[in-house]
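J.: Residue strings, one per chain:
Protein chains: 4
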Amino acid sequence: MKKLLLLILIGMPFLIQAQNTMQPYLTLADATKISDAAEAKSKAEGWNMVIVVLDAGGHMISLRKMDGVQLGSIDVALGKAKTAVYFKRPTKAFEDMMKVEGGVRIATLPNAVAIEGGLPIVKDGVLVGAIGISGASSAQDGIVAEAGIAVYK
Amino acid sequence: MKKLLLLILIGMPFLIQAQNTMQPYLTLADATKISDAAEAKSKAEGWNMVIVVLDAGGHMISLRKMDGVQLGSIDVALGKAKTAVYFKRPTKAFEDMMKVEGGVRIATLPNAVAIEGGLPIVKDGVLVGAIGISGASSAQDGIVAEAGIAVYK
Amino acid sequence: MKKLLLLILIGMPFLIQAQNTMQPYLTLADATKISDAAEAKSKAEGWNMVIVVLDAGGHMISLRKMDGVQLGSIDVALGKAKTAVYFKRPTKAFEDMMKVEGGVRIATLPNAVAIEGGLPIVKDGVLVGAIGISGASSAQDGIVAEAGIAVYK
Amino acid sequence: MKKLLLLILIGMPFLIQAQNTMQPYLTLADATKISDAAEAKSKAEGWNMVIVVLDAGGHMISLRKMDGVQLGSIDVALGKAKTAVYFKRPTKAFEDMMKVEGGVRIATLPNAVAIEGGLPIVKDGVLVGAIGISGASSAQDGIVAEAGIAVYK
Numbered sequence: 017m018k019k020l021l022l023l024i025l026i027g028m029p030f031l032i033q034a035q036n037t038m039q040p041y042l043t044l045a046d047a048t049k050i051s052d053a054a055e056a057k058s059k060a061e062g063w064n065m066v067i068v069v070l071d072a073g074g075h076m077i078s079l080r081k082m083d084g085v086q087l088g089s090i091d092v093a094l095g096k097a098k099t100a101v102y103f104k105r106p107t108k109a110f111e112d113m114m115k116v117e118g119g120v121r122i123a124t125l126p127n128a129v130a131i132e133g134g135l136p137i138v139k140d141g142v143l144v145g146a147i148g149i150s151g152a153s154s155a156q157d158g159i160v161a162e163a164g165i166a167v168y169k
Numbered sequence: 017m018k019k020l021l022l023l024i025l026i027g028m029p030f031l032i033q034a035q036n037t038m039q040p041y042l043t044l045a046d047a048t049k050i051s052d053a054a055e056a057k058s059k060a061e062g063w064n065m066v067i068v069v070l071d072a073g074g075h076m077i078s079l080r081k082m083d084g085v086q087l088g089s090i091d092v093a094l095g096k097a098k099t100a101v102y103f104k105r106p107t108k109a110f111e112d113m114m115k116v117e118g119g120v121r122i123a124t125l126p127n128a129v130a131i132e133g134g135l136p137i138v139k140d141g142v143l144v145g146a147i148g149i150s151g152a153s154s155a156q157d158g159i160v161a162e163a164g165i166a167v168y169k
Numbered sequence: 017m018k019k020l021l022l023l024i025l026i027g028m029p030f031l032i033q034a035q036n037t038m039q040p041y042l043t044l045a046d047a048t049k050i051s052d053a054a055e056a057k058s059k060a061e062g063w064n065m066v067i068v069v070l071d072a073g074g075h076m077i078s079l080r081k082m083d084g085v086q087l088g089s090i091d092v093a094l095g096k097a098k099t100a101v102y103f104k105r106p107t108k109a110f111e112d113m114m115k116v117e118g119g120v121r122i123a124t125l126p127n128a129v130a131i132e133g134g135l136p137i138v139k140d141g142v143l144v145g146a147i148g149i150s151g152a153s154s155a156q157d158g159i160v161a162e163a164g165i166a167v168y169k
Numbered sequence: 017m018k019k020l021l022l023l024i025l026i027g028m029p030f031l032i033q034a035q036n037t038m039q040p041y042l043t044l045a046d047a048t049k050i051s052d053a054a055e056a057k058s059k060a061e062g063w064n065m066v067i068v069v070l071d072a073g074g075h076m077i078s079l080r081k082m083d084g085v086q087l088g089s090i091d092v093a094l095g096k097a098k099t100a101v102y103f104k105r106p107t108k109a110f111e112d113m114m115k116v117e118g119g120v121r122i123a124t125l126p127n128a129v130a131i132e133g134g135l136p137i138v139k140d141g142v143l144v145g146a147i148g149i150s151g152a153s154s155a156q157d158g159i160v161a162e163a164g165i166a167v168y169k
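Protein chains in written order, with the working numbering: chain P, 17 to 169; chain E, 17 to 169; chain X, 17 to 169; chain C, 17 to 169.
Hints listed in this document are in silico derivations from the structure and should not be mistaken for laboratory results.
Note that this is a predicted model, so its numbers are computed, not measured.
There's no promise every hint is true.
Chain copies aren't distinguished; within one or between two, either way the pair holds.
[Stated by the list, open to error] For lysine to any residue, the following SDA-like pairs were computed, each having C-alpha atoms within a straight-line distance of at most 20 Å:
(1) Lys104 - Val138
(2) Lys49 - Lys59
(3) Lys104 - Gly74
(4) Lys104 - Val142
(5) Lys139 - Gln86
(6) Lys59 - Val167
(7) Lys49 - Tyr102
Work out the full structure: start from the sequences and follow the hints.
T.: Shown next as structure tokens:
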């Protein structure tokens, strides 16, 4: 019995370590579900958007550009999503920081688009990717980004 | 009769959508006409300019650099015109936004040159390209850009 | 004879000389239909792919990356599709040219990925965009690209 | 008399040095004349081309893209002209080098497009710029480039 307990105790760190070498990740099915929700919200509001979902490395899993959206929104949506991955926070956090005295320094930060519409996607406390939205006002972009990740949370 | 009118009105969106799978575009002849007008205005004012006309994908149709213009104006004119294509608005809109509190966030926007002198070119309500001017003050650049598209409108 | 073939392949496939200043374009619905067909073919064959559809200006309308595909395939698929837009021909045309004597000069051609898997999308004789596929062998990429545009032709 | 000759001989280097502090350069009028000739030749042959003229620093003086030319020809024409400026030789020189054993090393040369259609523009033995043509076969591109500089020589 003591021997069994010893084995269990000795074995525990190994098991924990083994669990820590695993992390959740986004699948294309996840990204499609998130994008469908974002597109549905966009259509319901009468907005045209670019909808981007990135993985935890900042690489594209999916992108869709609704008809008539300005070309600039492609790189803006990509930039917002990349910012949310690279800095593990909503892009609105940087937008707010820029309004404070001295906050203009954020404009020198590499890979940071300081405009609402980018949100990190988190599973079990681990960053698995981000969504980036552009096409309407930045507040509206933010609403659609929230609608997208709402179906994943 | 009222019923017929109703059917026609309801049917319109479908027809418009079907027609929307075709769109107008700029020709080299258009770009040359626009550039000639911009150059004539520049000469009349005694200004030397870089004059760029892009298509709806942000690609060059024509560029001309008048003698003595600073080299930097080539990329500035290209950047202004690209901004006008990518964001479907005059670059002055971004210039004005940057003057408002928090507007400095525009400096983090990909592909946006926030300086007057870039104007979208629109035909039948559809963006077909843009003109970008650089070489004098940004207000003067704007005047020449207006003179260019005036002959296309 | 091989040199003659090379000349013909380099020679531009002249598409419609537009007297008409209107031209067709791809919608998101078109791009989704094309991508769905490409993904279905990939799944049926047991291949994982990145599937990209660009517009006539070389800008993304849609991208989807199936689970487990190497990251490099994102830029490869984008590059193949861009090549097909920029040079109005299948990327396999450049792959074949590089096999001919002197054909290695294609390696110095800007914006050309000379690997099968990129196909122009043409409507009414006008280039409206391109599909780019990467993830399996280049021949398999080509098969999936064909399956994609087959539903649009 | 000998003294005068001595003065002349001593003075010569100074005069030569004084002449060397001046160099010819291309004007927009020159570039337009060259481009008009190239466009006229293109039209006469039924080819559509991108026609670029660069200055001695490799910067654009003028660019024009005839209707329907593939987008890729913009960067190809720019690349050919830049090559002709940067290496003071026709791009065909590099194309020919690539056909020789070991010539594939040219593909690693920065700023070298090894495809016919780029020609240096020389005045009084001094490089003043280059013309770059793309849109048809590389041999046809070369014919149009020659037609362009023929009016300047």
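J.: Each hint: holds or not?
T.: Hint-by-hint comparison with the structure:
1. Only within a single protomer do Lys104 and Val138 lie at most 20 Å apart by alpha-carbon distance; the minimum there is 9 Å, versus 26 Å between protomers.
2. In this homomeric assembly, Lys49 and Lys59 come within 20 Å of each other (Cα to Cα) both inside a single copy, at 15 Å, and across copies, at 19 Å.
3. In this assembly of identical chains, the alpha carbons of Lys104 and Gly74 lie at most 20 Å apart whether taken from the same copy (11 Å) or from different copies (18 Å).
4. In the homo-oligomer, the alpha carbons of Lys104 and Val142 lie at most 20 Å apart inside one protomer (10 Å), although the nearest pairing across protomers, at 24 Å, exceeds that limit.
5. Taking CA atoms no more than 20 Å apart as the test, Lys139 paired with Gln86 passes between copies only; the shortest distance there is 16 Å, against 32 Å inside one copy.
6. For the homomeric pair Lys59 and Val167, the shortest alpha-carbon distance inside one copy (17 Å) is at most 20 Å, but the shortest distance between copies (25 Å) is not.
7. For a Cα distance limit of 20 Å, the shortest separation of Lys49 from Tyr102 qualifies neither inside one copy, at 23 Å, nor across copies, at 26 Å.
Comparing the model with each earlier hint shows a violation of hint 7 alone; every other hint is respected.
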